[in-house]
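Engineer: Each chain, letter by letter, is given below.
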Amino acid sequence: MSEPPKWASRMAKPLAGQGSLLHRRGMDAEDQALVEAFKRGEDSAFTALVIKYREQVYRIARRMLHGHEDASDVAQDVFIRVHRALPSFRGRSALKTWLYRITVNLCLDYARRGSRYVLTGLKELEWEPALNDNLVEAAERNELARTVRAAIGGLAPRQRAMVVLRVYQDLPYAEVARIMGCAEGTVKATMFAALGKLRKTLAPLVTDSRE
Amino acid sequence: MDCKEARDLILECLSGTTPPDHRRALVAHLEDCSVCRREVAEMEDTVAMLRAVPDPRLAPGHWAEFMSALDRRVALETTGWRRLSRLLRTPRIAWSTAAATSVVVVALGFVLFAQPFPRPERASDESQVDLSGVVTESLVQSFPSMSTALTSWKAGLSAPDVSYELISVGGK
Numbered sequence: 000m001s002e003p004p005k006w007a008s009r010m011a012k013p014l015a016g017q018g019s020l021l022h023r024r025g026m027d028a029e030d031q032a033l034v035e036a037f038k039r040g041e042d043s044a045f046t047a048l049v050i051k052y053r054e055q056v057y058r059i060a061r062r063m064l065h066g067h068e069d070a071s072d073v074a075q076d077v078f079i080r081v082h083r084a085l086p087s088f089r090g091r092s093a094l095k096t097w098l099y100r101i102t103v104n105l106c107l108d109y110a111r112r113g114s115r116y117v118l119t120g121l122k123e124l125e126w127e128p129a130l131n132d133n134l135v136e137a138a139e140r141n142e143l144a145r146t147v148r149a150a151i152g153g154l155a156p157r158q159r160a161m162v163v164l165r166v167y168q169d170l171p172y173a174e175v176a177r178i179m180g181c182a183e184g185t186v187k188a189t190m191f192a193a194l195g196k197l198r199k200t201l202a203p204l205v206t207d208s209r210e
Numbered sequence: 000m001d002c003k004e005a006r007d008l009i010l011e012c013l014s015g016t017t018p019p020d021h022r023r024a025l026v027a028h029l030e031d032c033s034v035c036r037r038e039v040a041e042m043e044d045t046v047a048m049l050r051a052v053p054d055p056r057l058a059p060g061h062w063a064e065f066m067s068a069l070d071r072r073v074a075l076e077t078t079g080w081r082r083l084s085r086l087l088r089t090p091r092i093a094w095s096t097a098a099a100t101s102v103v104v105v106a107l108g109f110v111l112f113a114q115p116f117p118r119p120e121r122a123s124d125e126s127q128v129d130l131s132g133v134v135t136e137s138l139v140q141s142f143p144s145m146s147t148a149l150t151s152w153k154a155g156l157s158a159p160d161v162s163y164e165l166i167s168v169g170g171k
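Which chain is which? The protein sequence lines are A and B, in order. Take 0 as the starting number for the first sequence in numbering that gives the first Met the number 0 and just add one per residue. Take 0 as the starting number for the second sequence in numbering that gives the first Met the number 0 and just add one per residue.
What the hints contain is simulated information worked out from the structure, not anything from laboratory work. There could be a bad hint or two in this list.
Unchecked claim - Simulated restraints on C-beta separations: (1) E54(A) x C32(B): 37 to 43 Å; (2) A63(B) x K38(A): 24 to 30 Å; (3) L111(B) x A47(A): 53 to 59 Å; (4) P171(A) x V34(B): 24 to 30 Å; (5) R111(A) x A63(B): 28 to 34 Å; (6) V34(B) x D42(A): 29 to 35 Å.
Don't be surprised by glycine CBs; every beta carbon is placed ideally from N, CA and C.
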């Protein structure tokens, strides 16, 4: 008998009352417990929720907005919105899906408004070279990172969001569709177009890496 | 499998989470389709390049600062005013408040602008001022200057050109 898929171990047992409703709608058992605890007035549940999701929220914002300050601001705004709306959260979607949807929407709004931080010209290092690192390799890696970030930044905002969710967060297409509020077919078509555009932009780098 | 179905599967396969039978079907299609083979190769290179960029490292102490700033903002969210505004935004309270406000506005409008008592009408004929029952002949004779005084009085009643006429009292 083949091994059960990994997700099966995360399926919680059904709970009575509202807990069952949240469970049936695909909510992680831990998230379900945190939401219920928060609704009972336990502030520590909100802190636990923030600690659980802050990295993912920040990474999505960072990939979409590119600046650390902007990403940090958006991540804070996401959790403030969650704090306001969590009392009326009914679990129609998984908590993670809801969180990511708020993150993406705030990033799209932020991108439309423009950053309030002026670029100072200082470059952020993607890697801090270790003592034994080849400095030339470290510099090449940084240049690659900047080129890739610029290529992603050249995509339309919704294309960029889908690339970030699919490629960097490794979410399945169905999940990306739920977050973006569109059909799965639309996500695939948009991804195909986005990857085609990235392929053209990054083609010189691909050729160089093959030589 | 046609190229459109293959394209969808290519996108799925790039994450490496495709079921084995789907991957087998895609490989079978790629054996016969050089266009899709080239497409897969280019996409794999592109995705590999995207994934080669790791997440940026954060400065030490970033999350401690993040949590402190978030705690301060959450504390502001739970001050009295925000609690009250959140309460007022609940549907039942909002409708009750709107209804009460409407009643108050209507009542104030009624008090300030309504006219329950009609104003006294002016005499339509300003040539005659009826003083019957007020000024009698004997009164005029007793007070010789009364005629002059009455004329002046009537002028003050916006009837300057009205000549005084003695009107008998009660038609007698």
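Engineer: Each hint: holds or not?
Structural biologist: Hints versus structure:
1. E54(A) x C32(B): 37 to 43 Å: Since the Cβ atoms of E54(A) and C32(B) sit about 41 Å apart, the hinted range of 37 to 43 Å holds.
2. A63(B) x K38(A): 24 to 30 Å: Holds, at about 28 Å.
3. L111(B) x A47(A): 53 to 59 Å: holds, 57 Å
4. P171(A) x V34(B): 24 to 30 Å: Given about 26 Å between the Cβ atoms, the range holds.
5. R111(A) x A63(B): 28 to 34 Å: The hinted range 28 to 34 Å holds for R111(A) and A63(B), with Cβ atoms some 31 Å apart.
6. V34(B) x D42(A): 29 to 35 Å: violated, 58 Å
When each numbered hint is compared with the structure, a violation occurs for hint 6 only.
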